[in-house]
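J.: Based on the sequences and whatever the hints tell you, model everything.
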Amino acid sequence: MGTTIQTVRLAALPASFSSSQFFYRLLSKALTFPFISRHNYAHKSPFPLLARALSVPAVQTIDTTDNKVVKPQPQWKASIDFKWLRDNKEAVSANIINRSSNANLELVLQLYEKMLNVQKEVERLRGERNVVANKMKGKLEPSERQKLIEEGKNLKEGLVTLEEDLLKLTDELQLEAQCIPNMTHPDVPIGGEDSSKIRKMVGSQRVFSFPLKDHLQLGKELDIFDFDAAAEVSGSKFYYLKNEAVMLEMALINWTLCEVMKRGFTPLTTPEIVRSSVVEKCGFQPRAANTQVYSIDGSDQCLIGTAEIPVGGIHMDSILAESLLPLKYAAFSHCFRTEAGAAGTATKGLYRVHQFSKVEMFILCRPEESDSYHKELIQIEEDLFSSLGLHYKTLDMATGDLGAPAYRKFDVEAWMPGLGRYGEISSASNCTDYQSRRLGIRYRPSEQSSSNPKKGKGNLAPTQFIHTLNATACAIPRMIICILENYQQEDGSVIIPQPLRPFMGGLELIASKSR
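Count the sequence shown with full-length UniProt numbering and you get residues 1 to 515, in order.
Bear in mind the hints are in silico, worked out from the structure with no lab data behind them.
Small disclaimer: the values here were computed from a predicted structure and weren't measured.
Positions of the beta carbon are idealized from the N, C-alpha and C atoms, including for glycine.
One should not assume that every hint holds.
[Said to hold, decoys possible] Quick list of in silico lysine to aspartate or glutamate cross-link-like pairs, EDC-like style, CA-CA up to 20 Å:
(1) K153 <-> E121
(2) K348 <-> D226
(3) K213 <-> D228
(4) K114 <-> E172
(5) K139 <-> E163
(6) K168 <-> E157
(7) K375 <-> E232
(8) K147 <-> E172
(9) K120 <-> E163
(10) K393 <-> E413
(11) K83 <-> E172
(12) K220 <-> E232
(13) K200 <-> E490
(14) K120 <-> E172
(15) K168 <-> E259
[Said to hold, decoys possible] With beta-carbon atoms standing in for the labels, derived distance ranges:
(16) M183 <-> V233: 40 to 48 Å
(17) S386 <-> D194: 23 to 31 Å
(18) K220 <-> R86: 36 to 44 Å
(19) K348 <-> G505: 25 to 33 Å
T.: Below is the structure:
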């Protein structure tokens, strides 16, 4: 028989477009990467490792023509410090309010106290059961033995009931506690998006001596993308790239990767379908209302909205050697987002689409280093955008605009003259230990750096949760918008920024095909 082809149907929104996919040889020399075993990372790669990227996951609903029954996965558990939440109740409560979160701290603390009480009762009954069992080992009168048998039976039944209650309580506690957002950096402005503060303004708006065109008009006239055909094939918010736009996407990907590799980042391509639990552990909600995530019906899998998710999962449930840190990754992937609730002129053209290519930076580091690596990430972003001659501003985003995992987030907004406004082209987030507590990523401090007198097994320093950071190196569609609109010429052509020309075969100009 021939190959069986499984079809996939997007239930809630139109399906996927096809954008350029791969990146060419980054170096003339072949790169080799040593194998790193899971759970125990003893040897550091001689090839420097890299950082992170933007964060918003993507997934909604997909049907598969497969009769296979998928069993629900067991509830995963985050290593949440409930005692710390209880001891810092006022600060946590204020943080929930400042971030406009719907988390219920009171319920979490009530469930925690209830769980502690049930745990104590379980331990008491287990102790009594052990006492009865020890008594049964000696010589006993038949009547006394029978009495102990009945007592043991009653204890066992009571214990079974309590243990079931404890499991239910633990699951309920986890579900509620996982809604609590990360704490917030003290310098983050409090309020909605309008309260965000400008950290830096670079360049100025270009003055044009001719009527401006937006990227949609430029793209149509230059014959470099097609939204109409994509709408027929896939639905709204999809597109075909054509001709020089394909080369431009490839150039942006390869140029970005080469630049960040110079900064010590390891290049990756990632899976673009991941388990729903990994999406959740990274701080996103694939099954929530207005989710950005496309979920695959009949499975526990989702399409990724950012490479942050599969990269975050690489070292899941592992203990890293301190000598390996920091780990820096630059991941190329396609990203898929439902864009639920998005509408209006701010979403037209390439600005807000269901599928796009992106290079994401991701860093795993020691807790005391995450603030400095956050500054390094935003500096890398600023250097990249300055190299392309863009006019942009960097913002310290307010509490109301932070996703649940972010401790602090910097956004970069570039001027898009055809659209007549600034548009977000990247973000950089420090997630501290929010994701690592869910993903189970720890490191073991070396003896020299450990000031903790407590020792783990074999006199080793106790493990600690690492900090994770992510940042967008290049979100392709929005970079194409910036280049087309800022570098347009009066005759309708578009100049290619100097850094990209070697990656486009020396092409300097995108001109009309009729010329």
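J.: Between K213 and D228, is the straight-line Cα distance small enough, at 20 Å or below?
T.: Holds, because 19 Å separates the two Cα atoms, which is no more than 20 Å.
J.: Does E259 sit within 20 Å of K168, going by the straight-line distance between their CA atoms?
T.: Violated, at about 50 Å.
J.: Sort out whether E232 lies within 20 Å of K220, counting only the CA atoms.
T.: Judged against 20 Å, a Cα distance of about 17 Å means the pair holds.
J.: Compare the distance between the alpha carbons of K83 and E172 with 20 Å, and conclude whether the hinted pair is satisfied.
T.: Satisfied, since the Cα-Cα distance of roughly 17 Å is no more than 20 Å.
J.: Is the Cα-Cα distance between K200 and E490 20 Å or less?
T.: violated, 31 Å
J.: Regarding the pair K168 and E157, is the alpha-carbon distance no greater than 20 Å?
T.: Roughly 17 Å between the alpha carbons, so the hint for K168 and E157 holds.
J.: Between K114 and E172, is the straight-line Cα distance small enough, at 20 Å or below?
T.: Within the cut-off at roughly 11 Å; holds.
J.: Does E172 sit within 20 Å of K147, going by the straight-line distance between their CA atoms?
T.: Violated: K147 and E172 sit about 38 Å apart, past 20 Å.
J.: Checking one constraint from the list: CA of K153 to CA of E121, max 20 Å. Satisfied?
T.: Status holds; Cα separation ~17 Å.
J.: Given the hint that K120 pairs with E163, does the C-alpha gap stay at or below 20 Å?
T.: Holds. K120 to E163 sits at ~11 Å (cutoff 20 Å).
J.: Quick one, are K375 and E232 close enough, alpha carbons at most 20 Å?
T.: violated, 44 Å
J.: Given the range 25 to 33 Å, decide if the beta-carbon distance of K348 to G505 lies inside it.
T.: At roughly 31 Å between Cβ atoms, G505 and K348 fall inside 25 to 33 Å, so the hint holds.
When the structure is compared with the earlier hints, violations turn up for hints 5, 7, 8, 13, 15 and 18 and for no others.
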